[in-house]
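Chains as they are written, first to last, in this note's numbering: chain A, 1 to 376; chain B, 1 to 377.
Any given hint might turn out to be false.
[Claimed, not checked] Using 25 Å as the maximum straight-line C-alpha spacing, the simulated SDA-like pairs for lysine to any residue come out as follows:
hint, chain 1, residue 1, chain 2, residue 2
1, A, K277, B, K7
2, B, K305, A, A297
3, A, K277, B, D301
4, B, K7, A, G368
5, A, K265, B, E216
6, B, K184, A, S272
7, A, K366, B, L109
8, B, K305, A, P286
9, A, K75, A, T120
10, B, K178, A, K7
11, A, K181, B, A270
12, A, K7, B, G366
Source of the hints: derived by calculation from the structure; they are not laboratory data.
Since the model is a prediction, treat every value here as computed from it, not as a measurement.
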Amino acid sequence: MQTDAMKMFGLQAPIFAFSHCQDVVAAVSKAGGMGTLGTTRDSVEDLENMLTWIDYHIDGEPYGVDIMFASNAPKQFETMTSKEIMDLVPMENWDFVDDILRRHDVPPYTKAEKEEVVETYIKEQLRTHAQAEARLEVVYRHPKARMIVSALGVPPQHQIDRAHGLGLKVGALVGHPRHVKHHKAAGVDILIAAGYEAGGHTGDIATFVLTPQIADEAAPIPVLHAGGVMRGRQIAAALALGAQGVWAGTVWLGTSESETTPVEKELMFNASSGDTKRTRCGSGKPVRRFHGGFVRAWEDKDAPEPLPMPLQSVLVEQAFKKMRNHQVEGLLSPPCGQGIGMMDEQTDVRNIFLEMLTEFGETMEKMGDIRDSLAA
Amino acid sequence: MRTEVMKMLDLEAPIFAFSHCRDVVAAVSRAGGMGVLGTTHVTPEQLDIELAWLNAHTEDKNYGVDLMFASDARQEFERMNIGDVDKYIPEEHRRFVDALMKKYGVPELPPGEREALFDEYMKGMIRTHKSAEARLEVLFKHPKAKVMASALGVPPAHVTDACHERDIKVIGMVGRPKHVRRHKEAGMDIIVSAGHEAGGHVGEIAGLVLTPQVVEEADPIPVLHAGGIARGKQIAAAVALGAQGVWTGTIWLGTSEAETTPLVKEKIFAATSADTLRSKCGTGHPARRLRSAWVEAWEADGAPKPLPMPLQSILVNEALERMDRYQPQELVSYPAGQGVGMMHEQTDVRSVFLDLLTEYGETMEGMSNMFQQFDEG
Chain A
1 MQTDAMKMFG LQAPIFAFSH CQDVVAAVSK AGGMGTLGTT RDSVEDLENM LTWIDYHIDG
61 EPYGVDIMFA SNAPKQFETM TSKEIMDLVP MENWDFVDDI LRRHDVPPYT KAEKEEVVET
121 YIKEQLRTHA QAEARLEVVY RHPKARMIVS ALGVPPQHQI DRAHGLGLKV GALVGHPRHV
181 KHHKAAGVDI LIAAGYEAGG HTGDIATFVL TPQIADEAAP IPVLHAGGVM RGRQIAAALA
241 LGAQGVWAGT VWLGTSESET TPVEKELMFN ASSGDTKRTR CGSGKPVRRF HGGFVRAWED
301 KDAPEPLPMP LQSVLVEQAF KKMRNHQVEG LLSPPCGQGI GMMDEQTDVR NIFLEMLTEF
361 GETMEKMGDI RDSLAA
Chain B
1 MRTEVMKMLD LEAPIFAFSH CRDVVAAVSR AGGMGVLGTT HVTPEQLDIE LAWLNAHTED
61 KNYGVDLMFA SDARQEFERM NIGDVDKYIP EEHRRFVDAL MKKYGVPELP PGEREALFDE
121 YMKGMIRTHK SAEARLEVLF KHPKAKVMAS ALGVPPAHVT DACHERDIKV IGMVGRPKHV
181 RRHKEAGMDI IVSAGHEAGG HVGEIAGLVL TPQVVEEADP IPVLHAGGIA RGKQIAAAVA
241 LGAQGVWTGT IWLGTSEAET TPLVKEKIFA ATSADTLRSK CGTGHPARRL RSAWVEAWEA
301 DGAPKPLPMP LQSILVNEAL ERMDRYQPQE LVSYPAGQGV GMMHEQTDVR SVFLDLLTEY
361 GETMEGMSNM FQQFDEG
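Model the full structure from these sequences, guided by the hints.
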């Protein structure tokens, strides 16, 4: 069986994996799927090293790179000093975030430390178009990277054209059927219908309703179904809804290869599907995260409103760094989807991949039997 | 193909249809599915008339009835009368509703009707267990009512037993996998997995994630998938997830048979899937409904917090009646799921039913062909 999305990259399985971890990306591509690396957590230099590592470990298989083109990141951020940008964050918000950490016995950075950490963040990771374009330059130097994916918004036309000129395919995530026509007009090759239940940046429309509408609007462009996919039967459901494959992220967070910490993994293995929330507290846009102490703090009556992208990240990324170092169970709130309710123990990428494919095949076979009895 | 659920109730299609409209219920049952009548908007006396009508209009087919057993409806409310309202409903809430009605120029009810409406509501419709059981007595008088569905909460054991004695199948609804156990212990015959995208009372977990988990927990009890079903390909997807059929609601709101007003239909056909939201403003429990100035006012900063069930319904009952009667353009809302984005024009129940079944068959055929290729290489 070959869906159009599989043919596009010569894949053996209709499974696309999003991960911030180079090991997961390589393992999925080697297993016959399409690993796609998230790039918001690393500097341009780190990205260069990661892609070099992937090139070396991927046995010639294709992979993708996910880039964030935040459509509303004002251009002025690209020329401002980090001091000027930090001054745009109200003092009350800095204090609020420090306070969250203190309540969980995590000492916040001193003023001087914070300035340094935030300056590095702004220099290396601030979510502006200039950052996105610098990352793309790295991608273009690595010919085994066969796809760029825009995590938010329509990619700029000149980048789509340049990617196409280099033989790369361009993908994009969409959360609302009415956004499809913009992507189509821009020449995007593959769309990812990202449902409410998905981890990371998501909209309000659940996949069961979203995927069929995106598939209709996008035709003949192939569509991947994103949100909640942990098991093979959900791949069969996604194909029934008109998708040509699935885009999965959360399911890899519980693997031994993943960058997720042991404490975060335990949180996810013990969680149910009701233990995630969509919140603007991490980036300024709605992101589904584990409903941990950090997210809860922003739900308090007296909590400030999250700032717009990219300022909210300027404010909270330094706290996330502290949280990564201290690993306080009651505070951690990593991005993840509702699928965590179906994740119970650590395994590895290859195992998950094979289990998904096996159950997918079994479900397809069962549906074939049902179809035969329908026809009889 | 006959799933266990279809065999259990002798159905020709794995489609259950929830509707407040007897015409929809009858048409679905006649077409080979299972029509299920919602009963919260009628008194037991009116329900008796509705079921007698259904008996006469379902030919040799059966139908179901949906009751609400709210687990948090306190007994003291069963004795409430008009004089008690001030005691239970804060002034702030009453003022908020009045101000909204005034702001949008919704006419008052004619003299005398206000009190009559309130009396009727308190006597016949208040959402308590006692009220649900009064409806149940009516249901028992009509032997073609073969299904009792509980829209909220686990029905009490004596209710389930009484149904089973009469060979009535009992259906429970869940929005979280961990609630399945209680329904299983209570002897449910079928469990409905109601996803975040569904209309009416819903939880936060989306159908694609919820249904496989509910199926696993419920086994061997059969499961129906509810939420967002507007097309046949979604029935195939539900079956892939392990469900034995689908429970639909919103899709029937756009039919010529439905009770919905022309304005509600117009709003539904114009809506995208993002134009509904979960709000407690109608009943005190989160229910998904069409976005409107009424719903948004309750969700706005500074709005009073909706009261617990059944007080919120008592508070808004008159306003809902006025909006239903006078159809103020901006305010009018209706319980509906995210499937509204897939509804574009009025049709009838039979057409919807046939379209669902045809696309379901086509999708199963497509999947089967795909699998053969998959198997071959």
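For this session: Take a quick look at whether A:K277 and B:D301 sit within 25 Å of each other, Cα to Cα.
Result: holds, 20 Å
For this session: Compare the distance between the alpha carbons of B:K305 and A:A297 with 25 Å, and conclude whether the hinted pair is satisfied.
Result: Between B:K305 and A:A297 the Cα gap is close to 20 Å, so the pair holds against 25 Å.
Exercise. Are the Cα atoms of A:K366 and B:L109 separated by 25 Å or less?
Worked result: Violated: A:K366 and B:L109 sit about 57 Å apart, past 25 Å.
Exercise. Given the hint that B:K7 pairs with A:G368, does the C-alpha gap stay at or below 25 Å?
Worked result: Cα-Cα ~20 Å, so holds.
Problem set entry | Pair hint B:K305 and A:P286, alpha-carbon separation not exceeding 25 Å | holds, 24 Å
Problem set entry | 25 Å limit on alpha-carbon distance, applied to hinted pair A:K75 and A:T120 | Given that 25 Å is the threshold and the Cα spacing comes to 19 Å, the pair holds.
Exercise. Taking 25 Å as the top limit, are the C-alpha atoms of B:K178 and A:K7 close enough?
Worked result: violated, 41 Å
Exercise. Going straight from one Cα to the other, do A:K277 and B:K7 come out at no more than 25 Å?
Worked result: Roughly 39 Å between the alpha carbons, so the hint for A:K277 and B:K7 is violated.
Exercise. A:K265 and B:E216: Cα distance at most 25 Å?
Worked result: holds, 23 Å
Exercise. Regarding the pair A:K7 and B:G366, is the alpha-carbon distance no greater than 25 Å?
Worked result: Holds: A:K7 and B:G366 sit about 18 Å apart, inside 25 Å.
Exercise. Holds or violated: A:K181 with B:A270, Cα cutoff 25 Å?
Worked result: holds, 18 Å
Problem set entry | B:K184 paired with A:S272 [C-alpha distance capped at 25 Å] | holds, 19 Å
The structure does not agree with the numbered hints 1, 7, 10 stated previously, though it agrees with the rest.
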